[in-house]
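K.L.:
Work from the hints to combine the two standalone chains into their complex.
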Amino acid sequence: MSNPLFHKNLMILDIEASSAEEALTFMSKKLIEEGIVKESFTQAILDREAEFSTGLPGFGRGVAIPHADPEHVNVSALAIGIMRHPVQFRMMGNHDELIEAEVLFMLALKESHSHMSVLQSLMDVIQNEALLTQIKEAHTQESLYELMSANIA
Amino acid sequence: MIKKRILVACGTGVATSVAVARKLENIFKERGLADMVEVSTCTVAEMESKASKYDLIVTTAHNSKPMPVKVIMGVAFLIGRGTEPVLQDILDTLGLK
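Top to bottom, those sequences are chains A and B. Using the numbering used here, read the first sequence as starting at 1 and increasing by one per residue. Using the numbering used here, read the second sequence as starting at 1 and increasing by one per residue.
Hints may be right or wrong, so weigh each one.
With beta-carbon atoms standing in for the labels, derived distance ranges [as the list claims (entries may be wrong)]:
#1 43(A) <-> 48(B): 19 to 29 Å
#2 136(A) <-> 66(B): 38 to 48 Å
#3 3(B) <-> 139(A): 45 to 55 Å
#4 97(A) <-> 68(B): 43 to 53 Å
#5 48(B) <-> 140(A): 45 to 55 Å
#6 66(B) <-> 94(A): 30 to 40 Å
#7 69(B) <-> 43(A): 26 to 36 Å
#8 13(A) <-> 48(B): 33 to 43 Å
#9 139(A) <-> 38(B): 25 to 35 Å
A partial selection of chain B residues facing chain A, derived with a Cβ cut-off under 10 Å [as the list claims (entries may be wrong)]:
#10 12
#11 23
#12 85
Quick caveat, the hints were computed from the structure, so don't treat them as lab data. Because the structure is a prediction, the values reported are computed rather than measured. Quick reminder that beta carbons are idealized off the backbone N, C-alpha and C, glycines included.
In isolation and in its complexed conformation, chain B is listed as follows (with noise of 0.2 Å):
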């Protein structure tokens, strides 16, 4: 099967959007998806040319601009909290259980 792309935007593409990519995929890893889905990282400037290649933009930067694909705000995932109804929102968003 083929894979589902998340992209995951941050300010500087080097800090927050990292962390929350790395708790992601230890996410699906412990879920069995870990072979379902492809993780990526890129800064909020990036984000716009970069989405049509993806399935799910996941971010912690405000973003106002329109996106071609679904965008889902990714804070919950560093603070700690709130994570299972945006993680229910991603699984769903790419089909997955």
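With the rest of the complex left out, here is chain A (with noise of 0.2 Å):
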């Protein structure tokens, strides 16, 4: 059975966006789309990445992981974003370090603890270089659904 994290329709390629935050605007307005999070999602993750920036160095290709409150989110989901090109994003625990993030995954988590699972694996995820570049270039939402799914049980 896959993950009810994961959504096709959530799984976003070619994002044209030319800084963090128009990034994770586009995101944001897909989430609002599918019902998984409210209107209020969007400013919270933008205010969210300006005060708890979400970067990190994954293994060979930068990611972030942009999330926010769970009181923005009526149905708990994990979105991934492919960038056409890096956006910058600023490092998470250290706002002077700028990682040039490919891939974003947006958390929209209703609770912690049952989805750590998740979590954990998406760690996994962003220290395996050929993963993350299987993930990077995935062609299809169909194809990146799948390779999602195959990885993060």
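P.N.:
The following block contains the structure:
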């Protein structure tokens, strides 16, 4: 059975954005369209990113794991965004360090503990250079969905 | 003996702090320290008021506020690289081996 956090419509390929804010806004709108999050989510995720940045040096590729408070979320989900060109995120825990993020894992979590295994798996994914490359190079929503489902139980 | 208490904080208190806390618990288990350390999580907003009840704070968030206990950056545990010196710092701070 596939993971209930994944939705084909939230496998978002080829995002054209010139900044982290643009990319985050674009992805948030998709989550709102799908009814996953409330309208307030977009501003919340932008504010959260400004205060607590989420860029991470994935193995061989920069990534970011933007997220917001559970109160803005209707249903837990994980959206994946593949950037056409990298956008700059500030590194988590160190605002002076910039990360050229190529893949965004946007977490919409209603509560934490029931989804811990997914988060742990996600941390394994960003440490896996070959898998990150496969994710980055996925050509269809279907193939990205299959790839994520195969690697995150 | 009294357990050492670690508080792990992140922006939302539901994502990276929990991931780092689980990772630390696993490491303590592997090293036979599971009974000696207790790991809790919270948001950065809660961190200041809770800090004094803990021996150490580990965080994934940028922090510039002074805290009553030592604050150690825990992002290394998320990315799985550079964890050794951070772990050593944690163990040294808690007086554990």
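K.L.:
Now look at each hint and say whether the structure bears it out.
P.N.:
Checked hints:
Between residue 43(A) and residue 48(B) the beta carbons are some 25 Å apart, a value that agrees with the proposed interval 19 to 29 Å. Distance hint check for residue 136(A) and residue 66(B): the Cβ-Cβ separation is about 41 Å, which falls inside the suggested range of 38 to 48 Å. For the pair residue 3(B) and residue 139(A), the beta carbons lie near 51 Å from each other, so the given range of 45 to 55 Å is met. Look at residue 97(A) against residue 68(B): about 27 Å separates their beta carbons, and that is not inside 43 to 53 Å.
For the hinted restraint 45 to 55 Å between residue 48(B) and residue 140(A), the CB-CB distance of approximately 47 Å keeps it satisfied. Checked against the hint of 30 to 40 Å, the C-beta distance between residue 66(B) and residue 94(A) comes to roughly 18 Å, which is inconsistent with it. Our hint of 26 to 36 Å for residue 69(B) and residue 43(A) holds, since their Cβ atoms are close to 33 Å apart. Separated by about 42 Å at the C-beta atoms, residue 13(A) and residue 48(B) satisfy the suggested range of 33 to 43 Å.
Between residue 139(A) and residue 38(B) the CB atoms are about 47 Å apart, so this pair departs from the stated range of 25 to 35 Å. Interface restraint check for residue 12(B): the shortest CB-CB distance to chain A comes to about 6 Å, inside 10 Å, so the restraint holds. The restraint placing residue 23(B) at the interface with chain A holds, with a minimum CB-CB distance near 8 Å, inside the 10 Å limit. Taking 10 Å as the C-beta contact cut-off toward chain A, the hint placing residue 85(B) at the interface is violated, the least distance being around 15 Å.
The structure is inconsistent with the numbered hints 4, 6, 9, 12, although it conforms to all the rest.
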